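Heads up: the sequence lines are chains V and Z, in that order. When we follow the UniProt record's numbering, the leftmost residue of the first sequence carries the number 1, and every step to the right adds one. When we follow the UniProt record's numbering, the leftmost residue of the second sequence carries the number 1, and every step to the right adds one.
No lab work stands behind these hints, which were simulated from the structure alone. It is possible that part of the hints are untrue.
Derived pair list, reagent style DSS-like, types lysine-lysine, alpha-carbon separation capped at 30 Å [to be verified]:
#	chain 1	residue 1	chain 2	residue 2
1	V	K36	Z	K335
2	Z	K242	V	K56
3	Z	K186	Z	K176
4	Z	K186	V	K36
5	Z	K203	V	K36
6	V	K20	V	K96
7	Z	K303	V	K36
8	V	K96	Z	K337
9	Z	K203	Z	K242
10	V	K36	V	K96
11	Z	K176	V	K36
12	Z	K242	V	K96
13	Z	K50	Z	K176
14	V	K153	V	K88
15	Z	K186	V	K88
16	Z	K242	Z	K65
17	Z	K65	Z	K43
18	V	K153	V	K36
19	V	K96	V	K49
20	Z	K186	V	K96
21	V	K96	Z	K65
22	Z	K176	Z	K65
23	Z	K335	V	K153
24	Z	K303	V	K153
25	Z	K337	V	K36
26	Z	K186	Z	K203
27	V	K88	V	K56
28	Z	K65	V	K153
29	V	K49	V	K153
30	Z	K303	V	K45
31	V	K45	V	K56
Nothing here was measured: the structure is a model prediction, and the numbers come from that model.
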Amino acid sequence: MEEHVQLTPLERYVTRIGEKFGESAIENAYINELAKHVPTLVIQKEQWKEVARFLKEDESLHFEYLSNLHGIDYEDRMEMYYHFYSYKHRQNLAVKIVLPRENPSVCSVAEIWGGADWSERETYDLLGIHFAGHPNLTRIMLPDDWVGYPLRKDYVEYDEEV
Amino acid sequence: MLRNQPPTESVISPAPEIRTEEMLLNVGPQHPSTHGVFRLVVKIEGETIKEAVPVMGYLHRGTEKIAENLTYTQIIPYMDRLDYLAAMTNNYVLCHAVETMMGLAIPERADYLRIIAMELNRIASHLVWWGTYLLDIGAMSPFLYAFRDRESILDLLNELCGARMTFNYMRIGGVKWDAPPGWIEKVANFVQYMKKELPNYHKLVSGNEIFIHRLAGIGQYDADTALHYSLSGVMLRCTGIKWDLRRDESYSLYDRFEFEIPTAVEGDCLARYWLRLAEIEQSLRILEQAVQQFPADGEIMGKVPRVIRPPAGETYVRIESPRGEIGVYIASQGKDKPWRLKLRRPSFMNLQILPHLLVGANMANMVAILGSIDIVLGEVDA
């Protein structure tokens, strides 16, 4: 019956990050039951860079592997979704960041996880989310002179003929 | 005149005076060794690569955008066209994501059919890699053997679902077609045949000294680098990390089978070569057990609502494809179409390390390093 005494992984993450960056860094924390019960944190946009570095470097968190990152257009806001894995502690973590719909911008984590580089470029390319501090934020799938961001819900195809 | 005389000193050691200059070399997008439409702009000095810039997107069809206007079942054929060498795992990962959201139970028989199809496809995919990789580095005949055996697998899959490569076989809640009479026996026979055939592959290539010297120590990196660049599959296991989602985050019925996760520590092209062949062996083991355990009868479709509407919310699932970790993210608003579908493609993620591996490498090794990553461009560009 030790489980009642021990903190769940989610509580542990919240406490650890809360101690370091204050309560305000985490906007929300919950278990996402639809995604195989993955602990999910909604991190405040301004503090994301420091929290990200902490997620990777802190011994008790140690999320050294970025599985996936992408953005979602919800029409009234944009969201970033990151999925991490810690091979050391064998634990999953999802992180979300809410961005404004107009000029969405979030700091790049490409220098923390090298695997974020192309995914951030892809997100920029298709959704128009700007990643501050990215070493080479250019289009990756579409031609450089493409107009607009196709994955946005209000995207209209630009036609030269019209 | 000069040629007949013994070489003078200036002829023997002109090395310091050879003027080299940087030059830009364009590779692809139409080149057999890029395995599709992939372009590399390589800056070389002499024969050493100074910089390599990958250019992609030639095969970008906007699958994620198209999917937003399709029902979940309609997306399945699009998944076939991402990684067209291993479409079964792509089929599965999408169905698995929706089933996870809806909490659907899959009939046992359907799960076994899925696993048999996926493992057959994994072998076929590794065979294509084996053949084309050796073709890349200059051996012609292995390609013919690999494609002969792969064709037997494609025949089996064709019999199961009516297509050689773009299967469209799985459905949310089960599979579309039951195994035709005698099919399971044919799979069992193939497994026995392939088990006998695999040692010949090693005999033909693996022990060849030229081949070993060609690949050992090429394209090498360590475990920390692999994790930093989000590598998965063989690209990760070749650095000594024992990690396979089939076992470590088991899905479907994989926890019912005994199999090893082959790993190596060298992290070079040769290690990746050995691992892919070792994985064929393990897939054959799984197939052998699956054929034995295959239920005599049962449903192939679970109880699924007529219109598939996952509950509002989001999910992210990942499974082990032949190329590594393939993941699907779905944001649902409770409608019959996804609000957002995101595909985590292993080829795209694994390719990220290429520019770093190429810097300082010899130009002649470029094709060997690129080939060892095992990319499919349909998946890189999505």
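task = For the pair supplied as a hint, K153 of chain V and K88 of chain V, confirm whether the alpha-carbon distance does not exceed 30 Å.
result = At roughly 39 Å apart (the allowed maximum being 30 Å), K88 of chain V and K153 of chain V break the hint.
task = Compare the distance between the alpha carbons of K88 of chain V and K56 of chain V with 30 Å, and conclude whether the hinted pair is satisfied.
result = Measuring from Cα to Cα gives roughly 11 Å; hence the hint holds.
ask   = Regarding the pair K186 of chain Z and K176 of chain Z, is the alpha-carbon distance no greater than 30 Å?
value = 20 Å, holds
task = For the pair we were handed, K242 of chain Z and K96 of chain V, check the Cα-Cα distance against 30 Å.
result = It holds: about 29 Å lies between the C-alpha atoms, which stays within 30 Å.
K303 of chain Z paired with K36 of chain V [C-alpha distance capped at 30 Å] = 21 Å, holds
query = Going straight from one Cα to the other, do K153 of chain V and K36 of chain V come out at no more than 30 Å?
reply = At roughly 28 Å apart (the allowed maximum being 30 Å), K36 of chain V and K153 of chain V satisfy the hint.
key: Agreement of K186 of chain Z and K36 of chain V with the hint, judged by alpha carbon distance not exceeding 30 Å   = This hinted pair is violated, its Cα atoms lying about 36 Å apart.
inquiry  = Hint check: K96 of chain V vs K49 of chain V, CA-CA at most 30 Å. Holds or violated?
reply    = 13 Å, holds
ask   = Are K186 of chain Z and K88 of chain V close enough, with their CA atoms no more than 30 Å apart?
value = Violated, at about 43 Å.
request  = Below or equal to 30 Å on CA atoms is what counts here, so check K176 of chain Z against K36 of chain V.
outcome  = 25 Å, holds
ask   = Taking 30 Å as the top limit, are the C-alpha atoms of K335 of chain Z and K153 of chain V close enough?
value = Distance of about 16 Å is within 30 Å: holds.
message = Between the alpha carbons of K45 of chain V and K56 of chain V, is the straight-line distance 30 Å or under?
response = Holds: K45 of chain V and K56 of chain V sit about 17 Å apart, inside 30 Å.
Hint compliance for this structure: hints 4, 5, 13, 14, 15, 16, 17, 20, 24 and 30 are broken, all remaining hints hold.
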